[in-house]
Amino acid sequence: MDESLNLVLFSGTDDKLQAAAVLAAGAAALGKPVNIFLQYWALDAFRAARIGLDHGLAAEAGPAGRAAVDALAGAGQAPWSATLRMAKELGGVEIQACSLSMDLLKLDAGDLDPLVDGVEGVTAFYLNAGDGQIVFI
Amino acid sequence: MPVIETSQTIDARGLSCPMPIVKTAQAVRTLASGAAVELLATDPGSTKDVAAWCRVTGHELLEQSVEGTVFRFVIRRK
Chain F
1 MDESLNLVLF SGTDDKLQAA AVLAAGAAAL GKPVNIFLQY WALDAFRAAR IGLDHGLAAE
61 AGPAGRAAVD ALAGAGQAPW SATLRMAKEL GGVEIQACSL SMDLLKLDAG DLDPLVDGVE
121 GVTAFYLNAG DGQIVFI
Chain E
138 MPVIETSQTI DARGLSCPMP IVKTAQAVRT LASGAAVELL ATDPGSTKDV AAWCRVTGHE
198 LLEQSVEGTV FRFVIRRK
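Line order of the protein sequences matches chains F and E.
Just so you know, we're using our numbering here: the first sequence kicks off at 1 and counts up by one.
Just so you know, we're using our numbering here: the second sequence kicks off at 138 and counts up by one.
This is chain F alone, in the form it adopts within the complex:
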């Protein structure tokens, strides 16, 4: 169980980020190293100024999905950023921004939430992932 879990986050909607945060926190609780690589719209959601805002839901959610997600949040479900913060407190969770996506979005490291540990390219991500699973969300 000490093989790493490697999440490539592409989508920036709250539902997909929440699902990813749950996977990361569960793996961290089991003691698995977790590497998270932020690309495109997922990276955009990690802007310090916007991380707490409503990032919408995936298109397939529809109005019923919106209501279900709101109900869960109303019942006290932690937002994905809080879930990730707890996962990082458990240790072994590293969050890196994709350097290409930083260029795309015209971001500097200082624009990102402190949850993000740094900026790297895809080769560094693969190197850290080693033989562990890679999941694209």
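Just so you know, not all the hints are guaranteed correct.
[Said to hold, decoys possible] With a straight-line Cα cutoff of 27 angstroms, these simulated DSS-like cross-link-like pairs (lysine-lysine) come out: (1) LYS215(E) with LYS106(F); (2) LYS185(E) with LYS160(E); (3) LYS160(E) with LYS215(E); (4) LYS185(E) with LYS32(F); (5) LYS88(F) with LYS160(E); (6) LYS160(E) with LYS106(F); (7) LYS88(F) with LYS215(E); (8) LYS185(E) with LYS88(F); (9) LYS32(F) with LYS88(F); (10) LYS185(E) with LYS215(E).
Worth flagging that the hints you see were computed from the coordinates, not collected in a lab.
Remember, it's a predicted structure, so these values are computed and weren't measured experimentally.
Got chain F; can you put chain E on it based on the hints?
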């Protein structure tokens, strides 16, 4: 039935997956080896998750019960 003394209770009632396990992992880490902790949760996934977490991490699931909608676990640190 022997009474197992627990030094603390993790109240994860009302919290959804994976918070009961995250809070358990945090709490068990602070225990001395052989000490036990009680976990209360309402997440239905916790019945399988707590057992799976104990199996992987090597901590011992001493008790598991359900009362109404609340699942109760006692976990001993390895």
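Handout entry: Enumerated hints in conflict with the structure, sorted upward
Key = 1, 6
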